[in-house]
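Residue numbers (the working numbering), protein chains in the order written: chain A, 115 to 461; chain B, 44 to 215; chain C, 15 to 190.
Everything labelled a hint here was simulated from the structure, so no lab data went into it.
Careful: at least some of the hints might be erroneous.
Said to hold, decoys possible - Taking lysine-lysine and the DSSO-like style, the derived pairs with C-alpha atoms no more than 30 Å apart in a straight line are: (1) 144/A <-> 21/C; (2) 141/C <-> 182/B; (3) 152/A <-> 26/C; (4) 97/B <-> 57/C; (5) 121/B <-> 21/C; (6) 85/B <-> 61/C; (7) 144/A <-> 54/B; (8) 415/A <-> 144/A; (9) 177/A <-> 457/A; (10) 152/A <-> 21/C; (11) 54/B <-> 61/C; (12) 57/C <-> 457/A; (13) 21/C <-> 53/B; (14) 239/A <-> 53/B; (15) 119/A <-> 54/B; (16) 461/A <-> 97/B; (17) 121/B <-> 119/A; (18) 400/A <-> 144/A; (19) 106/C <-> 121/B; (20) 243/A <-> 62/B; (21) 119/A <-> 262/A; (22) 457/A <-> 239/A; (23) 239/A <-> 121/B.
Said to hold, decoys possible - Selected chain A positions facing chain B (in silico; Cβ < 7 Å): (24) 116; (25) 118; (26) 120; (27) 184; (28) 186; (29) 233; (30) 246; (31) 248; (32) 249; (33) 251; (34) 456; (35) 458.
All C-beta atoms, glycine included, are put in the ideal place defined by N, C-alpha and C.
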Amino acid sequence: MALTKVLQKYFSNIFISIIHQDNEWIITSKVVRNGVIKDKFIENFESDGRDNIPSKMEKYLEKLQTEYNFAYIAVFLDSMGQGAISGISATDFQKNSVDMKSVTHINIDKNWVVYASFIDINWIKNLFKNSGVDFIYSPFIVQNSLIKKQTPREQPTLYILNHNDSVTISIFENGNILFGAYFQTTTDDKIGGEEDWENESEEEGLDDLIELDNMGDDDIGGLDELDDLGDLDDLEENEDAAGFEEVKEKDKDLGHFSSGEEQVESNLELFGRDILIYKYLTSSLKEFYKNPLYKSNFIEKIIIYDGYEVSNELIDMIENDLLMDIEMHKINISEIVCDISIKEALK
Amino acid sequence: MRLSFIAPRKKHLFSIFTKVWIVFIISIVILLNIFNLFIVYKNSDYKQTAIKIKNQRIQLEKDIENIDEKIGFILRQKAVAEEIYANNIILKDSIKNLFDLVPDQITLNKVIMEKNSLVIYGVTPTKDAYNFLLSAPLKSIFHTSQTIFYLTDKGWYNFVSTNKIINPEGGE
Amino acid sequence: MDKSMEKIDIIKLLLYLLIFIVATLFMILIVIVPNIKDYRASKIVYKKAYVHKMRVENVLVDRDNELRNLNIENRRALTSFMHKFSTDNFIKYSGQFFNEVSLVEVEKKEYKKEFVEYELRVSSSLKSPTNFYDFLEGLNRYENIIQADFPIRMESNASTISSAFTIKVYDINATK
């Protein structure tokens, strides 16, 4: 009823954002009443994979929903079948090789589209069938809300949203998207690896990506460290081991770089992931410049919204090798999702 | 669905539990009200009808008065008529008695009957005959009785008998 | 997920129950009970009025019958009172008993304001007093209410008796 909508803001509304990171679920809740945030709390739940929700978490969600009459659950979508394209018409979908019939999409600013496959959406709905879900947000939406907070840049700018399990890259010019790419960095079985590349190639039309590994220094320019890629596999396997978890246990707050002996080790692990980011970044750039589909303008600046950890080395690498300016922002994705849902529910 | 891929679930101000109770309480109150209205309606109905009946009864009482008047009137007429009828018969009987009273010898010439008096003009052969046969009965009927005799050529007597009854109210 | 029906909040339950009880009691005690009292009272009043009216109605029926019967019983007298006195008719009637009947009007006077009384002086001649008796008897059956009254004068003439008497005719007041 419309009456409910009007009266709702005078009551306590709780906004629960659920995001999956590595092996745990992070739940950030904010209580809003009369336009004022009355309370905020965060809970973590150990996750045994993306297939199901721990029963403790379900009970927690149930408890919150019984406590508060107006409860909104927002979920961060980190499945593979999603992306963003410029334009809003059916031909635009076709140009980007996206099957319009199998995705649901949202028009942003009547300019560009964020899409996600029905399968993934239904998967999330099914996952939360006991507690219910109100909002499902794409990382592009999260990224867009961050971009909107800054003044629009006339020059084309590349934005990276870094999350434990995914990397979202998009190129904007004057508030309009030119290019969008989404990479998942962690799956249940393997972390990173060629698998992602192959999936991405289907969607983004990056046919020549596999060539990348074999390429030298020519096109991309100064990838000395790439020769050490062989070590990567070892390093990545180590991710399953104590490495990352050690870091996490020491500093819950993401973005803190540990010091001391572990620094070398953790830096290495981190580095391994950063290499991945670097890979994604360079391939996206290559795609952007090469593919006639995208209106290519020279990109000067990269803005990174970091919800996880980015090492200094990577920043140096990008600055020195790619000759691009970098702006770094540390963010809390879970809280941002929460804020977006607040804005959307209470308009 | 502005930014989210799905629309949020409907939010209700009241839980189902609350709604059930609200509906339940309101239904009961409404039912009681209906019952109450029914009682009030019947109540006013009785009151109105009672007034109507009272007015009808008053009208009937007026009708009874009316009829009583008519009855009274009829009874009065009946009384008057019967009195008159009786009087006529009494009159007839009185006259008859009077004439029967008169013996054959005596002949009456003129009779003047008033309410309280009787004057007889007649002829009698002898005084005695008159006194014996007529005067005596007359005296028994009337309070006062006077006779005057006139001798005629033939030897008979003309007489004038004046008889009166004295009324308690007085006079003739 | 609205699980309010599965996990029942006892405080809310008690509160709603309380509201329900208060509402019901209020309705019953403050609204319904006085109305029922009023209803019973007015029902009794109605019944009384009804019974009263029925009794009166019965009385009316009885009186009405009484009136009817009286009307029937006294028809002759009543019609006689109503009948307008006609001199010709009377002379015609008297002619049955007398010869040479003549009427002289004496006066009209009010009799108890219900009847108008005509007084007439009748002069007639008759053969014998028997005629007079018959006349008087028949008078009771005549179309008017007439009382023969004093003074009565009878005088025997050659072959007849000439008589003079008063009659009082009773007529219902024209306005009645």
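Going down the list of hints, with the structure as the test:
no.	hint	in the structure
1	144/A <-> 21/C	24 Å, holds
2	141/C <-> 182/B	29 Å, holds
3	152/A <-> 26/C	24 Å, holds
4	97/B <-> 57/C	14 Å, holds
5	121/B <-> 21/C	97 Å, violated
6	85/B <-> 61/C	14 Å, holds
7	144/A <-> 54/B	17 Å, holds
8	415/A <-> 144/A	34 Å, violated
9	177/A <-> 457/A	23 Å, holds
10	152/A <-> 21/C	26 Å, holds
11	54/B <-> 61/C	59 Å, violated
12	57/C <-> 457/A	67 Å, violated
13	21/C <-> 53/B	20 Å, holds
14	239/A <-> 53/B	15 Å, holds
15	119/A <-> 54/B	8 Å, holds
16	461/A <-> 97/B	71 Å, violated
17	121/B <-> 119/A	96 Å, violated
18	400/A <-> 144/A	41 Å, violated
19	106/C <-> 121/B	26 Å, holds
20	243/A <-> 62/B	24 Å, holds
21	119/A <-> 262/A	27 Å, holds
22	457/A <-> 239/A	22 Å, holds
23	239/A <-> 121/B	111 Å, violated
24	116	12 Å, violated
25	118	5 Å, holds
26	120	10 Å, violated
27	184	5 Å, holds
28	186	6 Å, holds
29	233	12 Å, violated
30	246	6 Å, holds
31	248	4 Å, holds
32	249	4 Å, holds
33	251	6 Å, holds
34	456	11 Å, violated
35	458	5 Å, holds
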